[in-house]
Amino acid sequence: MQKRFREIFQVKDELMLAGGRSCIGCGGGILTRMALKAVGRNTLLSSGSCGTNTTGMFPVGAMSTLPVPVSILGGAGAALSGMEVAARTKGLEDANILGILGDGDAGDIGFGNLSGCFERGHKVIVIVQDNQGYAATGGQRSGTTQIKAWTRSTPEGKSRPPKYLPLIMLAHDAPYVATCSVAYPEDIFAKVKKATRKENQPAFIHCITPCPTNWKNEPSMSVEVARQAVTCGIWPLWEYERGKFTRTRVPGKPTPIEDYVRLQGRFKHVTEEDVEEMRSYIKSLNEKIDRFLYAYSENLDSGAESNKKRRA
Amino acid sequence: MSKSDRTYMRGNQAAAEAARLARIEFMGAYPIPPSSEIMESIRTFIMEGRLKAGFIEADGEKSAQMACFAAVCSGCRTFNATSAQGLLYMHESLPMMVGNRMPMVMIVGNRSVFAPHGMLNDQTDSIMQRDTGWLQLYCETVQEILDTVIQGYKIVENPAVKIPLMVCADGYWLTHSLENITLPTQKQVDAFLPPYRPGETDYISPGGLSLFTSFGLMDNWFSEFKYQERAAISNALKVIEEVDAEFASYFGRSYSGLLDAYRTEGAEVVIVGMGSIMATVRYAVDIMRSAGRKVGMVKIRSFRPFPQEKLLSVIGASKARMLVVLEKTHFGALFDEVRSALYDLDDHPRIMGYGVGLNGRNVEPYNIIDLFEQAFVHSGKASLPKGSRLYFIRTKDKGVGG
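Line order of the protein sequences matches chains B and L.
Heads up: the first sequence at position 181 corresponds to 181 in my numbering, and the numbers run straight through without jumps.
Heads up: the second sequence at position 236 corresponds to 1236 in my numbering, and the numbers run straight through without jumps.
Think of the hints as simulated: they come from the structure by calculation, not from any bench.
Treat the numbers as computed from the prediction; the structure is a model and nothing was measured.
Idealized CB from N, CA, C, for every residue including glycine.
Where hints are given, some of them may not hold.
Stated by the list, open to error - Listed next, the in silico DSS-like pairs over lysine-lysine satisfying Cα-Cα at most 25 Å (straight line):
id	chain 1	residue 1	chain 2	residue 2
1	B	K90	L	K1187
2	B	K3	B	K194
3	B	K198	L	K1187
4	L	K1187	B	K123
5	B	K244	B	K193
To be verified - Covered by chain B, according to a simulated footprint, are these stretches of chain L (three or more residues, beta-carbon under 8 Å):
id	region
6	1073 to 1080
7	1087 to 1097
8	1170 to 1182
Hey, can you work out the whole structure from these sequences and the hints?
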């Protein structure tokens, strides 16, 4: 762990400067900073959604270190495709084409062209800054809003579980798909580093980024919320790299879901039954991940065995 | 000047050939009739090695245009082609290209817009985009499509303009009809159109400084951006004329810049319109003139920016008593534009407007002669109610009111 942190500290180049317009305690800031440290200066960045806030407002740009063509909401996948092909046309083969997309942009309004981008196999890195709602529009539900979570458009709590974008992108034959959480910056750094390898592109990284403004958690507790999401099992961390599927953090004995719920005002209304429903969602999600672990294990029989050991 | 090739071509082929001759570096595309053939041809050129360009067949017109957005950001000479519903679908990304001052050329194979479910030509699709800020040039012939695309890149890449352009070609009437055209040689086009060299902050590169579409909210710079945008669009009025004149000196063909006034001297009735229908009107004018009737026509080539001053000087000089605006829409956009322009004329002619040729309905020379004759009837008398908006849709019974 310490070694992995040392790797981050060795990167002295801060590409994210002061001047961003994110809210206080925004998880997206941590994600963007770590991601930019990992990709370095030879990068063309496009962002949308809340990412537009992170880049700053004219004439102050928090990313004046990188060129940022901000696309329209729901156009990021296509803009990244265009940037990649144009960069190749202009002889910039080794530049990283990086997109930091919101969950609405990636999963809902812009899902079609993100899907198209991955189907065409452009050499891009897509990082989803998942604040589980349309935060930039004031905090309405999105396709990835957590089950039972309050939003401005689900005042009684969302009844359906979120769509699980990483597995959808895995189905696009993407060579690299991973999930991460802002509570583990060294993990973000390592995964984005892997995603910069051209053979791993198009790469998809889905990161949970707490949003104090809409999750109603204490801004100082954002990192704790992101950690609890992983430890309670509602946000499993895993990685798929060219046929190899691994859990990058094995949960061990999960922490109680109540601890995760208690930190956030968006779950204030939940009842015992709601918590039970969340618990069964966590169970089914983790079983799904384990099935993938099994399906991608080298020897199917022993894979099942090793999975059992990992879960134990 | 080396010898150019005379050849037969459909409008779509001519558009693709023009893009190839202009050495486009990128095309973002999504098929939609009647302009699908353009992207197919470009893709084939790339496969055959006749054109070196990036190509993305996107997953929708909005994506295609967003890919073009990224390509212009990256400093590529960029091309796109679409029609009808496709153009409407990409509408959201159109003003963005203007606000970011991104030069590119897009062919619009004009087609009617749903509903009813029409598949044939009218100009409703591109007219609906009139306030996006894009320049719009309408073509009368296949040759004009080819020449306008080549002229187009020179217009939009002018540092005083840097506004994208739609080259509007009537679907099927132009995109699918064969015409004997002159195909310029690569050498000729290269001499006229140098490679695109964007300004230092006009494109992205690693380590370069540029921020497209940034929030303009801090200190609210929005109005200042829009002020510059309007100024650039006005600059295009001059640049379109200049480029057309320069084109004529290279290729020997001219389209009179912003608008083409045909036999308007001393004309009592003048038809104003745009697109392929003006070829029919031109023919009808000749017939009427040979019969001694004083008629003329004005082809609006540049609908955006609208050449108000040039139009007024032509109309003022002609002493016309009656203007008839023909357009392939059902809501009278060109009609309103011309009518509003006339306000600046002290002694202005009466004006009537007709929506004709909707969804590909054929407009024949005798229909035009009929319209001229009706205009003569109304021009002398007070039979038309003053002050009302005299815009009519021509229906099968050919009645004025429909």
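Comparing the hints with the structure gives:
no.: 1; hint: K90/B with K1187/L; in the structure: holds (23 Å)
no.: 2; hint: K3/B with K194/B; in the structure: holds (17 Å)
no.: 3; hint: K198/B with K1187/L; in the structure: violated (39 Å)
no.: 4; hint: K1187/L with K123/B; in the structure: violated (35 Å)
no.: 5; hint: K244/B with K193/B; in the structure: holds (17 Å)
no.: 6; hint: 1073 to 1080; in the structure: holds (count 4)
no.: 7; hint: 1087 to 1097; in the structure: holds (count 3)
no.: 8; hint: 1170 to 1182; in the structure: violated (count 0)
When each numbered hint is compared with the structure, violations occur for hints 3, 4 and 8.
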